[in-house]
Amino acid sequence: MKIAVVIPAFNEEENIASVVNGLNSMAVANKLDVTPVVVNDCSLDNTAAIIANLNCVALNLPVNLGIGGAVQTGIKYAYRNGFDVAFQLDGDGQHPASEIPKLVQAHIANNWDVVIGSRFLTNEGFQSSFARRTGIKYFKHLIRFMCGVRVTDATSGYRLLNRKAMAIVNDYYPHDYPEPEAVVMYVRNNCTVGEVPVVMLERQGGVSSIGTTTSIFYMVKVTLAVVFAYFVSVRKR
Amino acid sequence: MILPVKIKVIVTLIAIGFLAYVSRLILKRRLKEEYAIIWFVSTFILALLSFRSDLLDTVAVLLGVAFAPNLLFAGIIFVGMVYLLHLSVKLSKQQEQTKNLTQEIALLKQAILENKVNSLGPDKIEE
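Quick note, the sequences are listed as chains A and B, same order.
The first sequence begins at 1 in this note's numbering and counts up one residue at a time.
The second sequence begins at 238 in this note's numbering and counts up one residue at a time.
Do not take every clue at face value.
Stated by the list, open to error - Straight-line alpha carbon distances no greater than 25 Å define the calculated SDA-like cross-link-like pairs of lysine to any residue that follow:
hint : chain 1 : residue 1 : chain 2 : residue 2
1    : B       : 336       : A       : 60
2    : A       : 221       : B       : 245
3    : A       : 221       : A       : 191
4    : A       : 221       : A       : 60
5    : B       : 245       : B       : 284
6    : A       : 221       : B       : 284
Claimed, not checked - Just a sample of chain B residues kept apart from chain A, beta carbon distances all over 10 Å, derived:
hint : residue
7    : 250
8    : 286
9    : 304
10   : 342
To be verified - Covered by chain B, according to a simulated footprint, are these stretches of chain A (three or more residues, beta-carbon under 8 Å):
hint : stretch
11   : 47-61
12   : 100-112
Keep in mind the hints are simulated off the structure, nothing from the lab.
Even glycine gets a Cβ: it sits at the ideal position worked out from N, Cα and C.
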């Protein structure tokens, strides 16, 4: 099974090398065929130079696209180059490579099209702040209400996609704060979505894209996006 | 309510000046004709109403609007909102196009590095 691991990176010079090297050693240890695909989202720091010398595919965007566009670029690469599954992973070191085999096993065992790594199935590892957990619970109820699927960690960017899900992302992926909306998109396109407990770490460096002032905007935007994603339903292709 | 001559002259000059500027933008290829139509039409209507404000009064009476200028303002605001929405749609489309182009560039640069460029069609999937 050919596995691509898409890592969007914007100004991640401090973390990106350890993330990619960690992936490669995990792959060797677990005898997995893993290709890290780093998408450099027009970083202003040394990210481009660092990833050029790492054992990975380096996709350099000439214009900054934001997280959604960067993730989509990597998934497009994986889809067009015949990878069987694609992971998406945050570039800031929050998502440990060691959990990848667990998601792959869940994908094989349950035949899920999308596997999400969730912090809240066993409540282990970094649990985020109270405000954020409240927001995530809200998304859990919203998504269950909209599509009847239980997703405890809809904001998790730790995901496995098979080729069916990759084909959907190849066509369309939300622009910013894409994760909860993408869950609805997968379900509405008849993908099976499952969750696996993962342990996440606190971010190793850098600053979250969601501050206190943007959080209200985030909630409103994502709620709208989730509701609209439901009504868009199956995209024509 | 017929306007005095002085303001008619001013309005005419402003309208002509505005039309000349829009035309100049088109000639210099800084504005596409399709976007200029709304400016031509609205300038014409506003100029017409300055000369024949009795037209506005007639329509206001027909629609039951007590104060005719309110009808003008409401009309202008409505047209402006619709046009803004139209521009937002255009902008969203352009954003999507720019994003797709950006992604293709990144993927093509990688394909060149991997010496795959000959086998890579626009949406070719290598199975």
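Here is how each hint holds up against the structure:
| no. | hint | in the structure |
| --- | --- | --- |
| 1 | 336/B / 60/A | 13 Å, holds |
| 2 | 221/A / 245/B | 49 Å, violated |
| 3 | 221/A / 191/A | 24 Å, holds |
| 4 | 221/A / 60/A | 28 Å, violated |
| 5 | 245/B / 284/B | 9 Å, holds |
| 6 | 221/A / 284/B | 42 Å, violated |
| 7 | 250 | 44 Å, holds |
| 8 | 286 | 39 Å, holds |
| 9 | 304 | 37 Å, holds |
| 10 | 342 | 5 Å, violated |
| 11 | 47-61 | holds (count 5) |
| 12 | 100-112 | violated (count 0) |
The structure fails to meet hints 2, 4, 6, 10 and 12 from the earlier list, while all remaining hints are met.
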